[in-house]
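Each chain, written out:
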Amino acid sequence: MSKVYIKSVGLVPVGEHWNKSLTDLMVDASLNALKNAGNVKIDRIIVGNMMSGYLNNQEHLGALLASALGMKGIDSLKVEAACGSGGMAVHEGYVSIKSGEFENVLVVGVEKMKDADTSVLTKALAMAESAEFTQVVGASFISLNALLMKMYMNRYNVQEDHLDIFPVIAHKNAVTAPHAQFKKAFTIEDVKRSPYIAEPIRLLSSAPSSDGAAAVLLSSKPADVEILASEVSTNELMLSQRENPLKFEATEKAFKKAVEKSGIDSSKVDFLEIHDAFPIVAALSLEAMGYSEEGKAAHDAAKGKYNFEGDLPILTFGGLKARGHPVGGTGVYQVAEAYMQLSGTAGKNQVQGAKVGVTQNVGGIDTTSIVHIMRKVS
Amino acid sequence: MIPIAYWRNRKLYTRLIGSRCKKCGAEYYPPVKVCKKCGSTEIEEKEMPKTGTIVSFTKLTEPPVDFKDYAPIYLAMIRLDNGILVLGQLADAESEEIKIGARVMATIRKWTEDGQSGIIYYGYKFKII
Amino acid sequence: MRLNSAILGYGAYVPKYRISTEEIARIWLGEGSGPNRRKAVASYDEDALTMAYEAASIALKMAKYPEIEAILVGSESKPYAVKPMGSILSDIFGFNKILGVDLEFACKGGTEAVQMISGMITSGVIKHGLAIGSDTAQGRPADDLEYTAASGAGAVVLGQPNGNEIAKITHSVTFVTDTPDFWRRPKEHYPTHLGRFTGEPAYFTHIMSSVKLLFEETGYKPSDFNYAIFHQPNPKFPVEVGRRLGFTDEQLKPGLLNDELGNSYSANTLVALNAVLDVSKPGDKILLSSFGSGAGSDTFVIEVVSKPDDDDYIPLREKLKKYVEIDYATYSKWRNKIIR
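Listed in order, the protein sequences are those of chains W, A and G.
With the working numbering applied, the first sequence has no gaps in its numbers, which climb one by one up to 378 at the end.
With the working numbering applied, the second sequence has no gaps in its numbers, which climb one by one up to 129 at the end.
With the working numbering applied, the third sequence has no gaps in its numbers, which climb one by one up to 340 at the end.
Hints should not be assumed to be uniformly reliable.
[Said to hold, decoys possible] Under the rule of at most 20 angstroms between Cα atoms (straight-line distance), these lysine to aspartate or glutamate pairs were calculated in the EDC-like manner:
| no. | chain 1 | residue 1 | chain 2 | residue 2 |
| --- | --- | --- | --- | --- |
| 1 | G | Lys333 | A | Asp92 |
| 2 | A | Lys127 | G | Asp45 |
| 3 | A | Lys11 | G | Asp310 |
| 4 | A | Lys68 | W | Glu199 |
| 5 | G | Lys321 | A | Glu96 |
| 6 | G | Lys321 | A | Asp92 |
| 7 | A | Lys110 | W | Glu199 |
| 8 | A | Lys11 | W | Glu132 |
Just so you know, these hints were derived from the structure itself, not from any lab.
Please read these numbers as outputs of a predicted model, since none were measured by experiment.
Please take these sequences and the hints and turn them into a complete structure.
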């Protein structure tokens with residue numbers, strides 16, 4: 001079996017791209033990654049995306065990108081796992097190379113959200129959970145997270161503003177991140193001044209809607225960064241069907257498998273890109289990976305553990321909250337950011353001496369969890 | 001919303017018809033084809049109890065497009081009296097003090113409609129009792 | 001018509017919300033109030049079907065869920081102009097071998113349903129039926145009738161008398177003429193009416209004719225009854241028609257609800273019947289006379305046999321004690337009076 005390396009990355013800055021279509025975003029990120037890789041012949045294209053059909057009237061993204069890059073004839077496909085589509089695309093790329101079937105795989109994660117009205121977007125995002133039983137009762141994705149957050153607050157006696165530490169950490173890191181959607185820091189008071197979308201989740205504690213695309217070029221040939229493990233696990237589709245909704249079982253399992261496979265010491269991870277769609281997801285992800293005890297993630301964050309200068313920096317370029325969350329693109333942005341950290345090309349956001357990094361990308365609410373562990377190749 | 005998809009599930013939506021595993025007795029709403037506890041495919045229809053307790057709730061000010069006219073929407077996780085969790089809207093919620101632990105009963109209300117010429121989607125909502 | 005049907009279960013549903021007539025008058029006149037103090041308002045997610053379901057659920061439980069063979073719903077605010085509420089209730093209640101049709105005769109659609117099902121039971125064609133009256137009456141903004149046009153539903157489960165029923169329906173008459181006191185054309189949102197003409201030539205003439213017809217056919221007189229229920233378009237009319245016919249205030253009082261609830265149109269007399277059956281005793285006789293514009297009146301003789309056997313049943317007036325007042329803006333939004 002082959003080893004899997006990241007040869008290069010290409011990013012479109014996350015934001016509102018009125019002048020770029022879904023195709024434009026994918027092509028820009030791809031050309032960027034291909035240019036940075038030099039002369040590499042790719043033999044597979046994998047596109048991660050969640051909502052191109054419903055929002056952009058477009059499917060068949062694998063073939064679309066192949067055409068757009070002048071690469072007809074190539075093996076290509078679209079991969080979808082709700083908000084984990086990007087991470088899943090990287091996983092599929094990893095598996096493609098590990099199996100020995102492919103040598104150089106271009107993985108692109110993309111989402112074009114800004115052409116849609118908010119309420120239409122809200123419907124699209126809810127497709128991560130059951131159409132027949134969740135969407136029909138009028139629930140939105142944010143409302144499900146709000147229900148979970150309230151259960152958490154009630155169970156562990158944690159206040160809303162304790163959890164708001166996570167968007168604050170995210171925004172602080174994004175100030176110097178060139179590709180971040182929001183480069184403005186704010187305080188917990190700022191968060192609390194914003195209106196509730198679904199109480200207790202507020203406008204400033206939710207990941208934004210964004211346009212963006214990120215590409216990583218995976219290779220069987222040695223390069224600066226190696227992917228040591230790429231693991232996926234799933235949870236019950238519906239939150240209400242889980243024995244303990246407050247336990248992110250999928251993240252726990254995927255993380256555990258990845259740590260085992262990679263052979264790393266999980267306490268010696270240099271940075272962690274978690275799926276901070278909402279403060280509750282950040283908290284439960286950290287607890288599922290064992291970095292904080294049950295109910296204690298916000299407490300640990302307040303103590304500085306997860307700050308950039310802390311024991312375990314998270315969201316080093318702003319995470320979903322501040323770098324942005326072009327849904328299908330996010331998982332690839334995370335891996336690209338990990339590449340930047342491990343190859344020493346993270347600029348002002350460089351975690352000094354970064355050798356091992358972890359990314360956790362989630363579809364639904366821990367419904368599909370994809371964990372990647374990467375190392376700097378010395 | 002999709003009229004035919006609604007029609008297919010109408011009894012599930014108005015009578016909370018779920019499943020019971022004939023092998024291990026586990027109950028489910030929504031219905032299942034495979035028991036999540038024991039893996040058996042011997043499943044029978046069972047109507048869920050209509051009373052329960054609020055486990056969590058929220059007030060959604062930005063509903064999805066099909067429910068846009070009805071903002072704000074009050075959603076709750078309800079622990080039905082047979083122990084299972086169900087997601088649903090709260091009826092008459094704007095005039096109530098909603099608390100975790102409050103007792104509720106399922107009733108039937110309009111979920112939404114496809115404009116003036118489309119069908120009306122009726123389904124369960126929980127009233128505080 | 002000599003009927004031989006029995007009320008095996010009864011139920012009523014009045015939405016939780018009220019708007020005061022002072023609030024309505026405040027908007028249109030700057031002061032004052034209507035003939036009633038308040039009226040019941042259905043929430044934005046309620047309609048004639050959801051209320052029919054609520055009322056029928058109570059009645060079916062009280063009757064211990066017999067196999068229903070007809071579901072007739074009287075309404076002038078049908079959710080679908082074409083698709084009867086019976087078709088929706090069929091799958092909700094699990095009775096699929098039914099006659100399920102909606103009836104319209106303005107405010108007497110509900111009692112029409114009672115007559116027709118009682119007829120089918122008396123003739124032996126069916127054994128059990130569900131008669132419902134349900135309306136979210138639409139009051140034209142700034143019109144007099146806006147004070148009283150209200151929401152509600154009343155239901156009775158009817159079957160063959162066997163000595164264990166709650167009450168027997170022993171007689172009914174109906175009196176109908178072509179009288180254009182109040183009507184609605186198909187594409188109109190609100191009904192139209194002829195003001196004072198709705199009084200003497202419509203309401204009073206038809207109820208009095210119908211009741212007198214009943215007295216002639218049966219030989220009954222007012223003092224034979226313990227209770228009298230008349231259709232209540234406002235608080236005054238039923239009291240006035242009752243007095244004219246020779247009934248006392250005591251006979252009328254337990255059935256009077258308009259002051260608090262307004263006029264729930266097709267549900268009107270069935271909701272009042274619910275209130276009266278809650279306080280009546282075995283052996284009591286009830287006279288019930290409905291009125292539907294257009295116009296007609298159905299009058300029934302109902303004999304109470306026993307009290308309901310249902311530990312969970314809560315008397316109507318108990319349930320009516322808890323309500324929430326809303327303002328005109330909320331009322332307008334919920335009852336779809338605002339153009340978006």
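To see whether the hints hold, each was checked on the structure:
With a CA separation close to 15 angstroms, the supplied pair G/Lys333 and A/Asp92 stays within the 20 angstroms bound. Annotation: proposed proximity of A/Lys127 to G/Asp45 holds, straight-line Cα distance about 12 angstroms (limit 20 angstroms). Straight-line distance between C-alpha atoms of A/Lys11 and G/Asp310 comes to about 26 angstroms, which puts the hinted pair past the 20 angstroms bound. With a C-alpha separation of about 17 angstroms, the suggested pairing of A/Lys68 with W/Glu199 holds against the 20 angstroms cut-off.
Proposed proximity of G/Lys321 and A/Glu96 is supported: the alpha carbons are some 15 angstroms apart, at most 20 angstroms. Straight-line distance between C-alpha atoms of G/Lys321 and A/Asp92 comes to about 16 angstroms, which keeps the hinted pair within the 20 angstroms bound. Taken as a hint, the A/Lys110 and W/Glu199 pair is broken in the structure, with Cα atoms around 23 angstroms apart against an allowance of 20 angstroms. Taking the CA atoms of A/Lys11 and W/Glu132, the gap is near 13 angstroms; set against the 20 angstroms cutoff, the hint holds.
Checked against the numbered hints above, the structure breaks hints 3, 7 and satisfies the rest.
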